[in-house]
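Whole structure, please, built from the sequences with the hints as guidance.
Number of protein chains: 2
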Amino acid sequence: MTTIYDVSKLAGVSAKTVSRVLNEPDRVKTATREQVLAAMKTLDYSPNASARQLRLGGFSSIGLLLEDPASGYQSRFHQALLTACMEAGKYMTVELFEGVMPDWQARVDRFLTEGRVRDLILLPTLCDFTPLKDLLRERGARAVLIAPSVHDPHFPSVVMDDRAAARQIIEYLFSLGHTRIGHITGHPDHSATILRRSGVIEAYDARGLPRPKPELFASGDFMFKKGIEAAETLLSLPEPPTAIFAANDETAAAVAMVAHRRGLSIPGDLSVVGFDDAPIASAVWPQLTTIAQPYLEMARKVVHLVDTWDQQSTQSGFVSTYLTPHELVVRESSGPVLKG
Amino acid sequence: MTTIYDVSKLAGVSAKTVSRVLNEPDRVKTATREQVLAAMKTLDYSPNASARQLRLGGFSSIGLLLEDPASGYQSRFHQALLTACMEAGKYMTVELFEGVMPDWQARVDRFLTEGRVRDLILLPTLCDFTPLKDLLRERGARAVLIAPSVHDPHFPSVVMDDRAAARQIIEYLFSLGHTRIGHITGHPDHSATILRRSGVIEAYDARGLPRPKPELFASGDFMFKKGIEAAETLLSLPEPPTAIFAANDETAAAVAMVAHRRGLSIPGDLSVVGFDDAPIASAVWPQLTTIAQPYLEMARKVVHLVDTWDQQSTQSGFVSTYLTPHELVVRESSGPVLKG
DNA sequence: ATAACAAATGTCATCGATGTCATAATGCGG
DNA sequence: CCGCATTATGACATCGATGACATTTGTTAT
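In order, the protein sequences belong to chains H and E. Counting with this note's numbering, you get residues 29 to 368 for the letters of the first sequence. Counting with this note's numbering, you get residues 29 to 368 for the letters of the second sequence.
If you are wondering where the hints come from, they were derived from the structure by calculation, not from laboratory data. Accuracy of the hints is not assured; some may be wrong.
Copies of the same chain are indistinguishable here, so a pair counts whether it falls within one copy or spans any two.
Straight-line alpha carbon distances no greater than 30 Å define the calculated DSSO-like cross-link-like pairs of lysine-lysine that follow [claimed, not checked]:
#1 Lys-44 / Lys-57
#2 Lys-118 / Lys-329
#3 Lys-69 / Lys-37
#4 Lys-118 / Lys-254
#5 Lys-329 / Lys-69
#6 Lys-254 / Lys-241
#7 Lys-161 / Lys-118
#8 Lys-161 / Lys-241
#9 Lys-161 / Lys-69
#10 Lys-57 / Lys-254
#11 Lys-253 / Lys-44
Here it is as structure tokens:
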């Protein structure tokens, strides 16, 4: 590493002058400045950001731990958080994280030190990964969670009521006359999976209907591929459902594909509804009825929580939880049951 | 900001001891350690990463400038780069960047200093944005480009031969008997758009066929929505094409949707091919024939170029360009022309 | 030519944490 | 209770850059 002193020596000036060339070029005589610039080029000098920041007062970026950046859900939050950070003039540093990695603790430590990160954001499913949260508390790190309606007593969080949303979409299907409704569940490790599933059951209970038979629940994992298998299973039932509620839009897109392959028309023969309002929900034919979450709003709230951490946690001694609203978006993939 | 000295004062020990509690807890008597930990908790102390790194030797994260994180293309590279960085033990900090922002220069400066970034990665279309590249050279920043086969004399780059790939996919359609082939172009600002378009023409020329009539070129912008309009235009022609080559998969998905709406079967009535092998290419029905790029390989190469910047640029005085291979992936959306 | 002032450059201390080395506290065998 | 080996702790310098202030150089008016 070449330092400002190396440059100053080569250019025959003091370090301070080199510093000025970088920060207040006008205060340096043109001839000198050019010498310094030449020296910098020769040595391929680039200033040490740590030193600069130490002097100028620290800035730290917000850290995001991502389990699977290819997952649509995480990638959408990732994007929303980027936007929110930009709006707030902050930077975000991303680390891939998998709880199965044997050295995850060391990796988190490294992230907190080398990654120059003080505040972390955890998305599902990391927001449910207790060993990680314990480690963070031990290290005194700050974290904000984005979670499916599970309140964590130690970290502020932004949550969405997955159960209520699932219930709402099932009630919508009821209103169209559907009574045999299949549900493809999400990944078993996500707490959202349980919540959405129980939202379904809640809807039946609330309406006084008998709970759906077990074969109407097919297990998925939020991924397109597994969605295909699940859809095949449901549509091969002796008495197939007239509507399928997939735990997310990728899965719903898979259902649509399987239905097409089987010559079923949507929503004529089968209504398909998803969850998340992912881009794919508008990019498949027919476009999917789904539940929209206000990603950007949630991201903004998270950044705000990070920003105001001091006042919050230190002063009040309790953590805040924000419940964000959701919305049913009706598109082309759902319709009334055809008589007959 | 509380420092290590504040903690040491409160705990009644020296700063060095506090430091030890953090870095080599075993070398501190249990009683002392607990006092120190208590003081840290009371003061909500978190160590200053800049100072630590200054002492320990600098680490700097790689910066990625993203124009539009929602763009499938950029988001795929984003993900691939994250993976490659993780493999290489590096961190990546992301900044949203738009050339239209009036203060983009100041933003870049801030990113290079506050963002603690020394090396930058530029994707299309930023890799073509000359004012930015000029600024980076002036600042002595290091950048590596991911670009569509345009060699930049100042920065190392990883490129893909878009023209050849486009030519290849058209030749494949020729081999299926198609001669009226529509092309939906990409965003006019992307150099890839011109390259893919000229690859199309090259294929006709090479085969000694007359070049396609202008109405067979519809203008798109790589986005699903514009793709719908373009597809409507092409399919409304008096003599509609038997195949459509969309400049990317999102657009191809739009073509498929429009075709379905019009009751056309794919690939019976219309062959549809895309470009990129995006996730959506496998998530629509029928799955799309497309061109696959080795994203992860490219990302690894980029990280490697960043890593070896010193040896490369300083010593040899010229920049390296890596051409990466592409591959035609044949799926369900393309088939022979039906006689008749 | 010189005082008076502005411009250009340099010296030194500092940001917060840790390495080096010195010193103080403790333990243990005799 | 002493001497010596450990263990625990502290004082000080250091990382690379910049702020405050000092000093040198250059310019202008008289």
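Here is what the structure says about each hint:
no., hint, result
1, Lys-44 / Lys-57, "within (14 Å within a copy, 44 Å between copies)"
2, Lys-118 / Lys-329, "both (14 Å within a copy, 28 Å between copies)"
3, Lys-69 / Lys-37, "within (14 Å within a copy, 45 Å between copies)"
4, Lys-118 / Lys-254, "neither (37 Å within a copy, 33 Å between copies)"
5, Lys-329 / Lys-69, "between (44 Å within a copy, 25 Å between copies)"
6, Lys-254 / Lys-241, "within (21 Å within a copy, 44 Å between copies)"
7, Lys-161 / Lys-118, "both (23 Å within a copy, 23 Å between copies)"
8, Lys-161 / Lys-241, "neither (37 Å within a copy, 62 Å between copies)"
9, Lys-161 / Lys-69, "between (46 Å within a copy, 16 Å between copies)"
10, Lys-57 / Lys-254, "neither (68 Å within a copy, 54 Å between copies)"
11, Lys-253 / Lys-44, "neither (61 Å within a copy, 55 Å between copies)"
Checked against the numbered hints above, the structure breaks hints 4, 8, 10, 11 and satisfies the rest.
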